[in-house]
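Peer 1: These protein sequence lines map, in sequence, to chains A and B.
At position 158 of the first sequence (counting the first as 1) the number is 695 in the numbering used here, and the numbers step up by one without a gap.
At position 110 of the second sequence (counting the first as 1) the number is 114 in the numbering used here, and the numbers step up by one without a gap.
Don't read these hints as lab results, they were simulated from the structure.
Incorrect hints may have been included.
[To be verified] Where chain A lies over chain B, by a calculated footprint (3+ residues, C-beta under 8 angstroms):
#: 1; stretch: 72-83
#: 2; stretch: 105-116
[Stated by the list, open to error] Where chain B lies over chain A, by a calculated footprint (3+ residues, C-beta under 8 angstroms):
#: 3; stretch: 870-879
#: 4; stretch: 1182-1191
[What the hints assert, rightly or not] Across the chosen pairs, the derived CB separations fall in these ranges:
#: 5; chain 1: B; residue 1: 58; chain 2: A; residue 2: 1060; range: 45 to 53 angstroms
#: 6; chain 1: B; residue 1: 116; chain 2: A; residue 2: 921; range: 44 to 52 angstroms
#: 7; chain 1: B; residue 1: 154; chain 2: A; residue 2: 624; range: 53 to 61 angstroms
#: 8; chain 1: B; residue 1: 55; chain 2: A; residue 2: 907; range: 41 to 49 angstroms
#: 9; chain 1: A; residue 1: 1152; chain 2: B; residue 2: 59; range: 48 to 56 angstroms
#: 10; chain 1: A; residue 1: 909; chain 2: B; residue 2: 48; range: 16 to 24 angstroms
#: 11; chain 1: B; residue 1: 55; chain 2: A; residue 2: 624; range: 50 to 58 angstroms
Yeah, the Cβ is synthetic: ideal placement off N, Cα and C, and Gly gets one too.
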Amino acid sequence: MSSRPPFALCALLALSLPVLCAAAPTVSRLTPPSELFASNNSGGPVIARFLPGQRFDLQATVRMDTGTTLTDFRFAVDGVDTKPAANTTSVVTTGLTLQKDVNAAVVSQRAFSMKKPGVHTLTVHATQSDGQRVSATGNFEIVALERNGKPAKNIIILLGDGMGASQRTAARIMGRGYAQGKAQSPLAMDTFPVTGMVMTSSLDGIVTDSSPGMSNYVTGNKSANNTEGVFPDDTLDAFDNPRIEYLSEYLHRTQGKALGIVTTADVFDATPAAMAVHTSNRGYGTGIVDQFLDDRGLTGLSVLMGGGRKWFLPNADKLKANGALDGQPMNGSQRDARSDYELPADLIAGWGAARGSKDAGRDLIGDFRAAGFAYAPDKAGLVAADSADKLLGLFSYSNMNVAFDKINKRRGVSTIVDDYGFPDQPMLDEMASAALKVLARHKQGFIAMIEGASIDKQEHLMDTDRWLLEVLEFDRAIQVAKDFAAAHPDTIVIVTADHECSGASIIGASTKPVAALQAAATAPSVAGQRDAIVGTYQASKFPKYAMAPDGYPVSTDVDYKMLIGYGANADRYENWLSNPTPTQDSQQPFVGVAPQGGYPATPNVRNATSGFLITGQVPGDSAVHTATDVPLSAYGRGAAAFTGVMDNTDVFFKLAKIVGAR
Amino acid sequence: MLALCAAAASANEARPDEPRTDSSAATPAVDLKFRDFFTMPIGPAGLAPSARLLSLAGQRVRVVGYMARQEQPAAGIVILAPLPVVLGDEDESYADDLPAATLYVHLADTERTRAVAYVPGLVSFTGVLQLGATNEADGRVSFVRLQLDPESSRALAIAR
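Same shape as in the complex, but just chain B:
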């Protein structure tokens, strides 16, 4: 697990080209790291988005992380986290292990009824960054989302 975490850190910092899934598009994407989502230290009213995150809203970005493993994933979305997480139940149920710095990856509308197979290890996603609190199909609220283009969405859905 240590090796996995080290890999996550290094991939976040420098080499998002190696992971398994990618989005193809004409517009070059900017790398966005989970550590750049929020400012430090944390204020009395909670987390606050970083200037870098806000500046990338609406732009094509590439984010590397781990797909959250779920027993019953909602269709049309992938949860990308900075470390491997398993979302489940046990005794803490909704107090789950999903970090605040989490990316919701949305498939294109044409594929949003399709589930995505879990892919272990580091995964890279590229799409258009969307910001703001939104209720997700899995019942959670996302703050940072990535809208995939149709071609990448089809590839993910087919992977099932």
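Isolated chain A, as found in the complex:
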């Protein structure tokens, strides 16, 4: 129930004396979020759920009358006042996102937890300086975990960013082939014995972005879009939001498990960060990468691999002390004090978190090394470093190159990866293999997240052939994880996605050989490229993609190739052929200059002279995420739990139960 007038009498007088009641303080936000508080709906779903003992912050925004101040606040659970530990509460009245004329205080109690299962009421009581009081009530649930069978030791989450059912099917058609309606063989993810469907919505939208898309799996709670491991608040500080303890933190604290994060994206990106970092702004790269290291004592971080070297290089301040041209004054660092973090005292005291520092000059690679991490800057370095027990791999400046271009570099038919400045990047399965070797050395087990990040990124760009190879690369990483679980049966492996992206659909197959597609591209038209080429139903025959020994198609431009349409697309020109170069990525260091300068800038100009225009349903120049449910497949100990249709937050509780949380 939302904010209540301070006295019953006030309610009685409200009709005749509304001014008196309107002058009372109110509570405009109560965290954890609940339908009871937001809609006064005691019969609605319980929004916030936690494990017994899982930590989370309590917070409320109290709006006071002009000229008054907050003199007291307290939280009560089931009518009993909580007993906050010393220095774990705060009152924040400045730096708020509210309108300037709003006199408000954000009151917090950090790192609360309780063990008693059931739905509990949470009430905040606050008093302003003229003595008027307010209280408001919401609820949350502590989920009972029944012990059931031998616990798993290791968790591997394989996250295909943006990988819905269509993407899995399309990769199977390309990578395995069909004959008379049957797949020639399954993908690795198809061999997992249990599959369910996951609802992916975030706290504030039916369509999630990747931040809550990931963190909901590993906090058990709904976060808002663009936020990671926190609930929303009314302050400007991106790192002071009410925290929710991650599965990695919970399992490191209670079982000593290690954490590994592997991605083909920049490691600051939403999905990897949403395994370990608490922030309300997924764009605060400096603070995000700092927190990876600074709070390794909370998360057990032992492996971090992907792109994003630009966040780890020291920026100005430290270098200026040595003179502008000493060291590497122009190393491309994107570290920036504005995107860094420094935590308030109550958060530090409550969570035992590092304070942090706005230190753009920090040499974070050096600090990782000092903390015992081996550093691999490329594939050769990765091979040399996999005997370590802690590993940092930063294989590119921003996002890594995609499989389509990495594999063609290895085949000697493309120099795209050279254009980005990183000619020796590992494939995701190689990264996964190295990560699992390192993590297996941790006696108490581990939780690993391995992400095929550019399935999503290439879907945004509607670059069909590139995202298809991303799924195939991801499936090879899945096989690595499955092999690990086969050898270590105390492991649970799940394959899923944070959301679907682009509304990709297998609309059929070309009715023409590839030469005809190429010919049609010389005179683009709807008649020539849509009507004459798109084969649907029985006109969509089974395309045959020859596979090279490296596990990828020799070419994606085959006769009668599979055709993909998009249901959440921006404007694009389609010629059905693979794009020889990727679309420009503005975060790459040599973007805009030759040879990257010759890459298409956006999908709505790519193939403008060789394809027919398909008008998008969404504005902007890229496809968007969708709210469709995504598949989840499970293998290993406890896999049977992942059947049916589930919410993404349910996955957290299933995993916790499988590893013996209680």
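Starting from the structure of chain A, add chain B where the hints point.
Peer 2: For chain B alone, coordinates are given in the frame of chain A:
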């Protein structure tokens, strides 16, 4: 957009005399291209300035690029990039689209409190090249800067 990028590439390579704004000065300027800022491939410790870039420190150079479009540009500076970019917020905020090979153009001290109006398309700037990491007024750190002479600075400021 493809045409724009192609134009950027060609302008970088050969024809910096066509764009709209220029600096006048007695000393002939040397053309500097964005692709010449850093060496390839990129090393374990990040980007490294090219020998050509280092050799031009303190000299008059001419650079062609696109003014970064900003909602609230800082006074006295122009950000020049090798491709059209919009610096904003959305969900990635400070993880913005500014490439590493970016030039900060500084107006002369007499004009440094003045903002510069956004100019679309290719723009050429000529001034004295400065190198080294420096905190900029917009909160970022620049590596490569161009110091404009007072006359060019006045022209830019007046353009507002």
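Peer 1: Now, for every hint given, state plainly whether the structure supports it.
Peer 2: Here is what the structure says about each hint:
As drawn, the stretch 72-83 of chain B meets chain A at 0 residues by the rule of a beta-carbon pair under 8 angstroms; below three, the given contact is violated. Coverage of a stretch by a chain is defined here by at least three residues with a beta carbon nearer than 8 angstroms to that chain's beta carbons; for the stretch 105-116 of chain B and chain A the count is 1, and the condition is violated. Here's how the stretch 870-879 of chain A fares: 7 of its residues keep a CB closer than 8 angstroms to some CB of chain B, so the rule of at least three is met and the hint holds. By the rule of at least three residues with a Cβ nearer than 8 angstroms to a Cβ of chain B, the coverage given for the stretch 1182-1191 of chain A is violated, with 0 such residues.
In this structure, residue 58(B) and residue 1060(A) meet the distance hint of 45 to 53 angstroms, their C-beta atoms being roughly 50 angstroms apart. At about 50 angstroms, the CB distance of residue 116(B) to residue 921(A) agrees with the hint of 44 to 52 angstroms. Look at residue 154(B) against residue 624(A): about 55 angstroms separates their beta carbons, and that is inside 53 to 61 angstroms. Range check, residue 55(B) to residue 907(A): Cβ separation about 32 angstroms, and the 41 to 49 angstroms hint is violated.
In this structure the hint that residue 1152(A) and residue 59(B) lie 48 to 56 angstroms apart at CB holds, the actual value being about 50 angstroms. A C-beta distance of roughly 18 angstroms is found between residue 909(A) and residue 48(B), which places it inside the suggested range of 16 to 24 angstroms. Between residue 55(B) and residue 624(A) the CB atoms are about 55 angstroms apart, so this pair conforms to the stated range of 50 to 58 angstroms.
Checked against the numbered hints above, the structure violates hints 1, 2, 4, 8; every other hint is satisfied.
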